[in-house]
Amino acid sequence: MGRDVACTVFAEKVSLRGTDVYEYVRPFITGAPRDLQNGLYKLTFDGRVLSAQRRGGSWVSPIAT
Numbered sequence: 641m642g643r644d645v646a647c648t649v650f651a652e653k654v655s656l657r658g659t660d661v662y663e664y665v666r667p668f669i670t671g672a673p674r675d676l677q678n679g680l681y682k683l684t685f686d687g688r689v690l691s692a693q694r695r696g697g698s699w700v701s702p703i704a705t
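Heads up: the sequence shown runs through residues 641 to 705, numbered per our numbering.
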């Protein structure tokens, strides 16, 4: 089973033209524990869930879900 850890996610909030809908783009993840293993992680913030992959000690291409 996984564990919950804290980190900081910086992302740009953009609205979809002509709507009240917005999405986050270009996320940057920092402050996560260094001992996290490579693999797929779920990040939650502002009521959103973002899937992010850790590979070689770095975060790669998070994808909104």
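Hint data in this document are derived by calculation from the structure and do not stem from the laboratory. The C-beta atom is built at its ideal place from N, Cα and C for all residues, glycine as well. Hints are not guaranteed to be accurate.
As the list claims (entries may be wrong) - Simulated restraints, written as ranges between beta carbons of each label pair:
id, residue 1, residue 2, range
1, D660, L680, 15 to 21 Å
2, D686, G658, 18 to 24 Å
3, G687, V645, 15 to 21 Å
4, R688, R643, 28 to 34 Å
5, T684, V654, 29 to 35 Å
6, D675, V654, 17 to 23 Å
7, G696, R666, 17 to 23 Å
8, G696, A646, 20 to 26 Å
9, Y662, G642, 17 to 23 Å
10, T659, S698, 29 to 35 Å
11, F650, R674, 17 to 23 Å
12, R695, V661, 28 to 34 Å
Here is how each hint holds up against the structure:
Against the hinted window of 15 to 21 Å, the Cβ-Cβ separation of D660 and L680 comes to about 31 Å, which falls outside the hint. Between D686 and G658 the beta carbon distance is about 22 Å. The supplied range of 18 to 24 Å therefore holds. A C-beta distance of roughly 19 Å is found between G687 and V645, which places it inside the suggested range of 15 to 21 Å. Between R688 and R643 the beta carbon distance is about 20 Å. The supplied range of 28 to 34 Å is therefore violated.
Taking the beta carbon of each, T684 and V654 are about 19 Å apart, not inside 29 to 35 Å as hinted. Between D675 and V654 the beta carbon distance is about 33 Å. The supplied range of 17 to 23 Å is therefore violated. In this structure the supplied range 17 to 23 Å holds for G696 paired with R666, their Cβ-Cβ distance being about 21 Å. In this structure the supplied range 20 to 26 Å holds for G696 paired with A646, their Cβ-Cβ distance being about 22 Å.
Distance hint for Y662 and G642: a CB-CB separation of about 28 Å, inconsistent with the stated range 17 to 23 Å. At roughly 34 Å, the beta-carbon separation of T659 and S698 lies within the given 29 to 35 Å, and the hint holds. In this structure the supplied range 17 to 23 Å holds for F650 paired with R674, their Cβ-Cβ distance being about 19 Å. The hinted range of 28 to 34 Å is satisfied by R695 and V661, whose Cβ atoms lie roughly 31 Å apart.
Going down the numbered hints, you'll see the structure goes against 1, 4, 5, 6 and 9, while the others check out.
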